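Undergrad: Residues per chain, in single letters:
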Amino acid sequence: MNLELVALQAVLATIVTASTPLLLAALGELVTERSGVLNLGVEGMMVLGAVAGFAVALVTGSPYLGILASALAGAALAVPFGFLTLNLVANQVATGLALTLLGLGLSGLVGEHFVGQPGVRLDKLHLPLLSDIPFVGPILFGQDILVYASLILAFLVYRMIFHSRLGLILRAVGDNHASAHALGYSVIGVRWGAVLFGGALAGLGGGYLSLAYTPQWIENMTAGRGWIALALVVFSSWLPGRLIGGAYLFGAVTILGFYVQGMGVGVPAQLLSSLPYIVTIAALVVISKRRGAARADTPACLGQSFVPDR
Amino acid sequence: MRLELEKRPERSKVMAVASPIAAVFATLVTGAVIFAVSGVPPLKGLWIFFLEPFSSMWSIEELVVKATPLILIGCGLSLAYRANVWNIGAEGQLTAGALAGAIVPIFFNAWQSPLTLLAMLALGILGGMLWAAIPALLKVRAGANEILVSLMLVYVSQLLLDWLVRGPWRDPHGYNFPKSVSFEDWQTMPTIGDGRLNWGIVLALLAAVSLAVLLRRTMKGFEIRVLGEAPRAGRFAGFSSDRMVIFAFMVSGGLAGLAGVIELTSTVGQLQPNISPGYGFTAIIVAFLGRLDPIGVIVAALMLAVSYLGGEAAQVALGISDKTARVFQGVLLFWVLACDTLILYRIRFVPGLPRGEVAR
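Line by line, the protein sequences give chains V and A. Residue numbering for the first sequence follows numbering that gives the first Met the number 0, beginning at 0 and increasing consecutively. Residue numbering for the second sequence follows numbering that gives the first Met the number 0, beginning at 0 and increasing consecutively.
In isolation and in its complexed conformation, chain V is listed as follows (with noise of 0.2 Å):
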């Protein structure tokens, strides 16, 4: 292979990287939001799965333990969220919020020791004999686990909303929480459930970051991919498959900006370090613009608070 290729190739292989946290939290949210719940809260549930992931995986020496870790901690942050706003019926645009800058701060407080700590490497896997196809092969078949696990995810998420009776109970309590609730169903218990998973999945994303994506700890090293997450999912009309292109599409500006800077073109650093956030705003004007007419993926419940009547 020539020398072109192979800087192609690592190109290639960095987008799916970049990528994956992004799919992963934003995954979570989709069902969060699916379920009729909007949790403002995904960069603080990411950070917080950033900096327990890394700190398990620094302790224990493995990065499988970390990964769990970080999928706790994304579900533990979630809980006082849940309890407010399903229980205690809170504004949920404002304890998301809330969410973001505790989890800000907690990760801030909890990750001090870790600051400048080598961190511990998700290691990629070599899939026999595939990943020794010439120039395809280390891009789709060398990756972590958490690649494919989030690709695997998006395709169950996809089954279970549209393809299982939980996804038609989800849809329902998302879409008319009165009739669902009329119907027996328990508004409260789906939605809690949901958002648990949306933390769990945050969390997720985040210890990818600081396990795979840059293996160390950096104070709010989520840098808004949270917020970046939360537009995908608007992005993607809460379909799993769209999201998928959506995260990978982000991902690719992302690294594009590290090339282009690499390479010395005259243009500064920080604008193209502010093109993924530039062009979220792109895609929420396009997007927003063309469902004008067709809102119908829209759960129509989203953010609103439901409390049983007698």
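Honestly, the hints are just simulated from the structure, not real lab data. A quick note: this is a predicted structure, and the numbers were derived from the prediction, not measured. Treat each hint with caution, since some may be false.
[Claimed, not checked] Within a straight-line C-alpha distance of at most 16 Å, the following computed EDC-like cross-link-like pairs (lysine to aspartate or glutamate) qualify:
#1 A:LYS219 / A:ASP241
#2 A:LYS6 / V:ASP308
#3 A:LYS322 / V:GLU218
#4 A:LYS322 / V:GLU111
Dock chain A against the given chain V, drawing on the hints supplied.
TA: Then chain A, alone, in the frame of chain V:
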């Protein structure tokens, strides 16, 4: 045992006052637990964190200085949130205001007159408004979610600031430090007395009082409340929610911009990569703790300012991380929101299984 909410016939006036107090109390208890866990005697910790800032004239002045931007931003956000407009990018509007205000001393360095300061303040407001106009217009024109757009612009504004102070706006005689020229004389906010206290607080109080009057005594205030609490009724009354989005963003963005330029001309004194310790985000907590009321915001801003100062004091005296303050702030917002439920609902603990189980 399960928890059940029972709607009150009307908003509880007692709880409206009691809930923020209960929230602060609950935060103190949580704080004591956090101290105990980190091995600090809880009472000593609470004393240093929350009461020491009131013990000297110096720290009281510092408290007011820190409360100034929180009041300005918190009032504007209160108005926006009341109208159901979710501007969470005040930190970005603050940065944009500071950038706009800095144009005067950087490009017209020799101009020294009282008008210099006025021009800087006006530009600061304008900068904040312009930055806030982006999410407002995108919301009105394209229906783009204002929460996400305003938040994304925080990152963009900080990268813009970073580029300017490292590149074109860097002080040419500054030994390559990422800083602009230092501001002098009329490029800075005059102090009140010899200490750190400056005229910014007067502007902040003026803004709070004006907004309080606007919300309580004017037609616009009524419109804000109606559109916020009953958007459908508001539309029937002929109020335009699009115009309200623009109005709320202009007011909250302009005030955040003013806060930015006041910080710049008083405590910071020149452009540098960091000009705010997250005032734009803390002000969200201030707005809710102050019950989305400008006068309440003044009290809430002072309390949050205590957490900033207390955090610094605790770091020195107890050796605990200054990041503890951020945790306290987040916990406080949680408690405020939890206690607010009591205004509209009674909470009952009913023995027995969750309802779904009983129904079948």
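Undergrad: The structure should be examined with respect to each hint, and the outcome stated for every one.
TA: Hints and how they fare:
1. A:LYS219 / A:ASP241: Between A:LYS219 and A:ASP241 the Cα gap is close to 14 Å, so the pair holds against 16 Å.
2. A:LYS6 / V:ASP308: Judged against 16 Å, a Cα distance of about 10 Å means the pair holds.
3. A:LYS322 / V:GLU218: Within the cut-off at roughly 11 Å; holds.
4. A:LYS322 / V:GLU111: The hint holds at about 9 Å.
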